[in-house]
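So the protein sequences, as listed, match chains A and B.
Numbering (this note's numbering) for the first sequence: 1 to 493.
Numbering (this note's numbering) for the second sequence: 1001 to 1493.
Each hint should be verified, as a subset may be incorrect.
Mimicking SDA-like on lysine to any residue, the simulated pairs with C-alpha atoms at most 25 Å apart in a straight line are [claimed, not checked]: (1) A:Lys130 with B:Met1120; (2) A:Lys295 with B:Val1493; (3) A:Lys423 with A:Lys472; (4) B:Lys1130 with A:Lys472; (5) B:Lys1485 with B:Ser1312; (6) B:Lys1295 with B:Leu1023; (7) B:Lys1472 with A:Asp141.
It is worth saying that the hints were derived from the structure and are not from the lab.
These figures come from a predicted structure and were not determined experimentally.
There are 2 protein chains.
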Amino acid sequence: MFETLEVGKRITADDYGSLQKRLRDRLLQAQLDLAGRDYPVIIVVAGLDGAGKGSLVQQLNEWMDPRWIETNTFWEHSDEEESRPYFWRFWRSLPARGQIGIFLGSWYTRPAQAAVNDEMAPEEFALYCKQIESFERLLTDDGALVIKLWLHISQESQRARLQDDSPHRKSSPRSSDHPYEMRGVYQRTLEVSEQLILATDSSHSPWQLLEAEDRYYRDITAAELILDAMLYRASREPAGSRAHIPATETITGRQPTVLDSVDLSLSIDRDDYDSQLEHYQAQLRDLGWQAYQQKRSVVAVFEGWDAAGKGSAIRRVTRAIDPRLFRLVQFAAPTDEERAHHYLWRFWRQLQRDGRCTFYDRSWYGRVLVERVEEFATPAEWQRAYSEINRFEHQLVDHGVIVLKFWIHISKNEQEKRFNSRKKEPHKQHKLTEDDWRNREKWHEYELAVDQMVSHTSTRHAPWTLVAGNHKPYARIQILQTFCKTISEALQV
Amino acid sequence: MFETLEVGKRITADDYGSLQKRLRDRLLQAQLDLAGRDYPVIIVVAGLDGAGKGSLVQQLNEWMDPRWIETNTFWEHSDEEESRPYFWRFWRSLPARGQIGIFLGSWYTRPAQAAVNDEMAPEEFALYCKQIESFERLLTDDGALVIKLWLHISQESQRARLQDDSPHRKSSPRSSDHPYEMRGVYQRTLEVSEQLILATDSSHSPWQLLEAEDRYYRDITAAELILDAMLYRASREPAGSRAHIPATETITGRQPTVLDSVDLSLSIDRDDYDSQLEHYQAQLRDLGWQAYQQKRSVVAVFEGWDAAGKGSAIRRVTRAIDPRLFRLVQFAAPTDEERAHHYLWRFWRQLQRDGRCTFYDRSWYGRVLVERVEEFATPAEWQRAYSEINRFEHQLVDHGVIVLKFWIHISKNEQEKRFNSRKKEPHKQHKLTEDDWRNREKWHEYELAVDQMVSHTSTRHAPWTLVAGNHKPYARIQILQTFCKTISEALQV
């Protein structure tokens, strides 16, 4: 999830100057328009400590007309609040229709903090998340526009920022020893944050995850997201579920995606490859039987660019496993029968029983990749799919299934080379279609889709592995190695 | 909740004959129409053991064309099912678009049964319910029409029916010693059922609670509800949340409501009244202070017919409590500021702190009473309100608040008498307005609204008390007595 937020998205100071001028007018205009409308805008600013939540809110107040914005913080627990149900404090701070309420510290703060400090049982935490989801649904059912921003910075940046002892920082309650703070427990905080975000990333009030390393990028993008959500909401009455991911790139310029963090120069020499292939395949053979004995299933998903080497990589895996123990299923366009059911149905039905492996050559992620880019699915459909997929995989994991997900990445140049070589070799020509060239034109759209897919669905229990695929042997070893490591850890052998 | 389902709704054998003939054609027509549509219909038949779920399903299969219906039972756990995630069995049984799938035994069965047998921790059960809600939302988001019927019978009927040892019954797996059965634990089953229904009574797939005592009424009404939902869904594309409660009364004729179970002949004589009034007021005075010391709040809601004697009953309560400890809030039409917020906001903000009482003279129930009947709220809004209100009250109860809810009932004749006497007495004339006479014309609509309100919101933790109000002194004593009993039980004094 958070790997997409440490890729170096940024804006130069010059660009910032000119962008902010334009932004400001449009924000004021949107605010003016909102004043005449019959719904409130509720902005939740959350995220890691030191990511600049306070500065962002200050900036928003500066850019917009503060007369129609109320900023709410919940640093101090007043006894007025403590002696009423927890949500009372939020209810009484809700903005009126036509107004904007910014929540810096919100209904997310207490459960996040309690979970990080291990003061809340996992079931209680899970119920809390559900309660939040219901609360937000109640607001959006009533017409409210709920915008939730999550600000992320890397562990190193956090450390550096929190050690900054400038006078301004010292006097801010934010960096005091306040119980809302979550410093010094970076990894645990990420764990809890992931759970919190997954459980509340609904189509009626989706999370927007933001890389907050560069303050120019952070502020401009946050404001653009707010503006975009407001314009979108204003354009459709009556309110429905919001299914729209704004293309902030049109404003901020092209930004790196999580795929840029994959080192495509990685390779492995022939001898190493042979010995490692043998080693991991032997290990995987054993693990396959051990999983069978422990009645643990394996579900592995293979996705990647055309010509990324999916098929040959899968073969290196399946060769290692007894054919009685696995099933490889391929997915192209759905059949009539499949089309007559929910899109997840065709994947559910292929699921093998306990102790068996199911390998999916293309998978349910088609919903948020090809169906999104080719507009086979509406924005509402593919955006909703993130949480549907997370729930589906959660059920698998809950049942004891070991879930692996691979995206095999190659560079655009490498793809061209492979396409051309396919053209030349007669026995490979059938693998190259018109579609492949067409998909290639949408390379960047796919990059964005992959970035968001990883952002929304790479979870602790079912993480994505981004495979460096330019050198095929390297990719195969990376995949086999990931298989062995994940399965042996899960089986505790 | 279930008190509305033991009021004697029934249809005569003659009526049944003529009704079923008409029904049958319309059901077939709806089915034919469905075949060409791109969504499935999923019917869940649940309810108490012995309520006739199996017979109903058989009847539905007889009335409709069985070629487009699949009935699914989940009596036996196959090992195919056990070795995959729990929901796999339901996924693979889901009907295709254009078809009807009836689930007799469904995703509700296992958690209900586990909870009744105390094999599942409360938190786990709560999470399960949430998982069900998400599953159903996923189906309805995809366009599916989900119809959920809950069949209720009284404890006496259940006992009688389950003791029936006719050969047909003996060989039915339903009445075997099967683990899905929930016999012999009637009260515990009701408790669990209430939780299950409350947690999954959503606007996208609402529960329809059915009195199943009389099989004619049960079958006709169930079929009408299904038909109505199908016609309604067919009439609006694309699918949205279903917000529509069918008026089956237009078919089955006027049926008794829960208000008919209130014995309005009850009265109390003058001497008794005086001594009991004194007794309970003294007790309540003490309890007020004890609640203060224990930091427990009391929230009491007063609703009732015009001229039911709400005001004078409230005064008998407030006189008993130290004015420093309570606040009485009255609600008429909302102010501008209130209108600019969610309808629950104005009730939240009046909430007094721990140890204090808040008395609401009219309340959030206006949403499902006057706002429903007068069409100030859309069907979507007031139907959604049931679960919103339940969640709100649940938060109160969770925080330790003691919740009391009174509906003061009088007969239509008694109301007329009181209106006329108001007309005559100068100091009471101001209490009688044009609205009062107008509301009176909608008496039966209000009766239906009260019946459904009690059905959806009378919960174990915040039950409705239906007060027999024809004799004012009796009503006052009933209210005071309920106050004393509820508070002393909650404080354990």
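The hints, checked one at a time:
{"no.": "1", "hint": "A:Lys130 with B:Met1120", "verdict": "19 Å, holds"}
{"no.": "2", "hint": "A:Lys295 with B:Val1493", "verdict": "54 Å, violated"}
{"no.": "3", "hint": "A:Lys423 with A:Lys472", "verdict": "19 Å, holds"}
{"no.": "4", "hint": "B:Lys1130 with A:Lys472", "verdict": "44 Å, violated"}
{"no.": "5", "hint": "B:Lys1485 with B:Ser1312", "verdict": "21 Å, holds"}
{"no.": "6", "hint": "B:Lys1295 with B:Leu1023", "verdict": "57 Å, violated"}
{"no.": "7", "hint": "B:Lys1472 with A:Asp141", "verdict": "41 Å, violated"}
Violated hints, in rising order: 2, 4, 6 and 7; the structure is consistent with all others.
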